[in-house]
Amino acid sequence: MARTSNASSDATPKQKKPKKQRWYHQVWAAYQMTRRQDPSVTWLIVGVFVGILLLGTVVGLLTDAFWYVMIVALPFAFLGGMFTLTRRAERAAYTQIEGQPGAARAALGTVRGGWVFDDEPVAVNARTQDFVFRGVGRAGVVLVSEGPAHRVGRLLEDERKRVARVLPNVPITLIQVGREEGQVPLTKVARQVSRLKRTLTRPEAAEVSKRLKALGANRLPVPKGIDPFKARPDRKGMRGR
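Numbering follows the UniProt record's numbering, in which position 148 of the sequence shown is assigned residue number 148; successive positions increment by one, without gaps.
Bear in mind the hints are in silico, worked out from the structure with no lab data behind them. What you were told as hints is all true, and nothing was included just to trick you.
The calculated DMTMM-like cross-link candidates involving lysine to aspartate or glutamate, where the alpha carbons are at most 25 angstroms apart (straight line), are:
id, residue 1, residue 2
1, Lys197, Asp119
2, Lys188, Glu90
3, Lys210, Glu120
4, Lys210, Asp118
5, Lys161, Asp130
6, Lys188, Asp130
7, Lys161, Glu207
8, Lys197, Glu181
9, Lys210, Glu157
10, Lys210, Asp158
11, Lys213, Asp118
12, Lys213, Asp130
13, Lys161, Asp119
14, Lys188, Glu98
15, Lys197, Glu157
16, Lys197, Asp118
17, Lys188, Asp119
18, Lys213, Glu157
19, Lys213, Glu120
20, Lys213, Asp119
21, Lys210, Asp119
All chains should be modelled from the sequences, with the hints used to inform the complete structure.
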């Protein structure tokens, strides 16, 4: 019986550990995704790379330090190409998710500087799938809507009044994401939030966040069908980290 048990255990194939994805695999995946959305990305990357090398060549010939300048120019050319790919990949990712439920929240996930955004919308029109997402930072509270301007205006204003009753002295910024007049394109919403003027200290921002959590919200999950968070490129991988 013991021999049978040992034989059966030896016959059982060992599960292989999943291979760790290298940074260049992530870069290649980002490039493939970007090229599908933006076929010109290859020529842009090559153009930036070659342009920086040509500039280095000219500087090297004029300063009689050709090889030294070229050694310095080569990594800069590589970084320039990677920077171009990163920006184009980010734009391609936004193009993929634009118009999908939760796209605005996915874009807000790239905001830095101490901003905290709820994963789920704080106001929802279940019939039209218009959302309002809320974030808290040192610039106060920001409410970001997703949907046509003629529908989300009322939804935003109702949520603003709701927040203002709890936080009457805290700045509240309203942003509509979309392509209509007066709205902010999906590709620029993170930058606009980052540029908001800071008026609160870190402890004050933490207190604001605590009060809003106590306020609660009509939080409904984002409708299924797409996960906008998975459409964003891995920035760390693209930088070779």
